[in-house]
Amino acid sequence: MNQPILEIRDLKRNFGKKIALDGVSLSIPTGGVFGLIGGNGAGKTTLLKHTLGLLSAQSGSVRIFGLDPVADPVGALSRIGYLSENRDLPDWMRIHQLISYTRAFYPNWDPEYAETLRRDFELDPNAFVKTLSRGQRARAGLLVALAHRPDLLILDEPSSGLDPVVRRDILGAIIRTIADEGRTVLFSSHLLDEVERVADRIAILHQGRIQLCAPMEQVRSGHKRVQLRLSSSVSHFPPGGIWIGGEGSRHDWSMVAEAEIEAIREAVSLLNADILSIEPMSLDDIFVARTAGKALVAGGKS
Amino acid sequence: MHIHISTQDGVPIYLQIVRQVKHQIASGILVSGQELPSIRDLAEKLLVNPNTVARAYRELETVGLVEKRRTAGTFVAEGLSPLARREKLRMLSERMDGLLAEAHQMQVPLSDLIDLLNQRAKAFPQNSSIQNPENHAS
Numbered sequence: 057m058n059q060p061i062l063e064i065r066d067l068k069r070n071f072g073k074k075i076a077l078d079g080v081s082l083s084i085p086t087g088g089v090f091g092l093i094g095g096n097g098a099g100k101t102t103l104l105k106h107t108l109g110l111l112s113a114q115s116g117s118v119r120i121f122g123l124d125p126v127a128d129p130v131g132a133l134s135r136i137g138y139l140s141e142n143r144d145l146p147d148w149m150r151i152h153q154l155i156s157y158t159r160a161f162y163p164n165w166d167p168e169y170a171e172t173l174r175r176d177f178e179l180d181p182n183a184f185v186k187t188l189s190r191g192q193r194a195r196a197g198l199l200v201a202l203a204h205r206p207d208l209l210i211l212d213e214p215s216s217g218l219d220p221v222v223r224r225d226i227l228g229a230i231i232r233t234i235a236d237e238g239r240t241v242l243f244s245s246h247l248l249d250e251v252e253r254v255a256d257r258i259a260i261l262h263q264g265r266i267q268l269c270a271p272m273e274q275v276r277s278g279h280k281r282v283q284l285r286l287s288s289s290v291s292h293f294p295p296g297g298i299w300i301g302g303e304g305s306r307h308d309w310s311m312v313a314e315a316e317i318e319a320i321r322e323a324v325s326l327l328n329a330d331i332l333s334i335e336p337m338s339l340d341d342i343f344v345a346r347t348a349g350k351a352l353v354a355g356g357k358s
Numbered sequence: 002m003h004i005h006i007s008t009q010d011g012v013p014i015y016l017q018i019v020r021q022v023k024h025q026i027a028s029g030i031l032v033s034g035q036e037l038p039s040i041r042d043l044a045e046k047l048l049v050n051p052n053t054v055a056r057a058y059r060e061l062e063t064v065g066l067v068e069k070r071r072t073a074g075t076f077v078a079e080g081l082s083p084l085a086r087r088e089k090l091r092m093l094s095e096r097m098d099g100l101l102a103e104a105h106q107m108q109v110p111l112s113d114l115i116d117l118l119n120q121r122a123k124a125f126p127q128n129s130s131i132q133n134p135e136n137h138a139s
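Chains as they are written, first to last, in the working numbering: chain X, 57 to 358; chain Y, 2 to 139.
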């Protein structure tokens, strides 16, 4: 496509003895929606904070728009809109104060767009941030993240804990942002339904490592659930090869394969087994297989 | 245009859009010359990535079911009937493949399946929606 908007190389981060990021490398192209998925404590927020320069790399490097966000925070942050997981906003401000306060930081602030968003989101200009409901607080955070029309919109768990109406607003904002030529969205989520809807590319972060990073379509078409029947009973499924997880007993196994149909047929015929069915998988199932199913192949892939 | 997206059954979203538009053309809900929503509007309505909608529209254009008009938008293609019939048969074939696979999995032989299909057809309320809706070409 074109040059990456974000390039992370071998990023490592410990908090005391806890390893939060264990050698993360990630390249995010300009344009489109990138979904970062992972369970609680996988390291998503820590990774996003590095891209914003809120944390500096202990080892490895982070480049955003080709800049080091720690060395050049103004250059980087002026082109980013950010909604944090905790939506930390100044509680003592009124909405109109929050808007004019934030505006002062961004030369590209679009007051008309800010006003449109404020009305769409039904935010009362005189309400104190402190008194906002969860949903209204998320909308206020989204407004100040969007109104300078950032090149890169970063959202950390934008929908968590929100009702469906506010989630619609957030997904709608993501879609409108990239529908405007050339802009990029990076968002983290554990709600895989929405990731599947809006992301062009995804990365799965698990225990501080990237397990998988690919275009959504490739992730979807590259994983299949295979029901098969072995000719002889086994207590453990032979690990490795195309199989990344699964379960079953004796003759009957339900396996997750990372392969195209041809390769699956070949692998199954080598096992002297019959294929009962080959089915596509939802992103949800793929995620579970990639993160929880590790034990099964531990001996196979190393 | 009403389209329902599900992320549970593993069918890619662009394919769900393609199938439902095809279905609506085949069943006469969408008619020749009718304008489809813009990519952006449909993406916002379905809450899916605009590239996904664009891909679905491209696919529909490739098989000749819709046409892009310069500067205007995307429209259901003119004079669709013969193609619509072929599409209908193809859609049914897809459904049948699924049925055959399921029958195989449950070890129901083909002859039983055909008998069952005949039985169901007899039980089906004849005069309601099973008429052929092909004559809408005007």
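Since the hints were derived computationally from the structure, they do not count as laboratory data.
Do not rely on the hints blindly, as some may be mistaken.
Beta-carbon label-pair distances, calculated as ranges [to be verified]:
hint: 1; chain 1: X; residue 1: W148; chain 2: Y; residue 2: V64; range: 55 to 61 Å
hint: 2; chain 1: X; residue 1: Q263; chain 2: Y; residue 2: Q108; range: 41 to 47 Å
hint: 3; chain 1: X; residue 1: Q263; chain 2: Y; residue 2: A55; range: 52 to 58 Å
Here are some of the chain Y residues that sit facing chain X, going by a computed Cβ distance under 7 Å [to be verified]:
hint: 4; residue: I4
hint: 5; residue: H5
hint: 6; residue: S7
hint: 7; residue: D42
hint: 8; residue: A44
hint: 9; residue: N50
No residue lacks a Cβ here, since even glycine has one placed at the ideal position from N, Cα and C.
Results for each hint:
1. W148/X to V64/Y: 55 to 61 Å: Roughly 59 Å apart at Cβ, these two residues keep to the hinted range, so it holds.
2. Q263/X to Q108/Y: 41 to 47 Å: 42 Å, holds
3. Q263/X to A55/Y: 52 to 58 Å: Between Q263/X and A55/Y, where Cβ atoms are some 36 Å apart, the hint is violated.
4. I4: 13 Å, violated
5. H5: Status violated, d = 13 Å.
6. S7: 9 Å, violated
7. D42: 10 Å, violated
8. A44: Where the cut-off is 7 Å and the nearest Cβ of chain X is about 5 Å from A44/Y, the hint holds.
9. N50: 5 Å, holds
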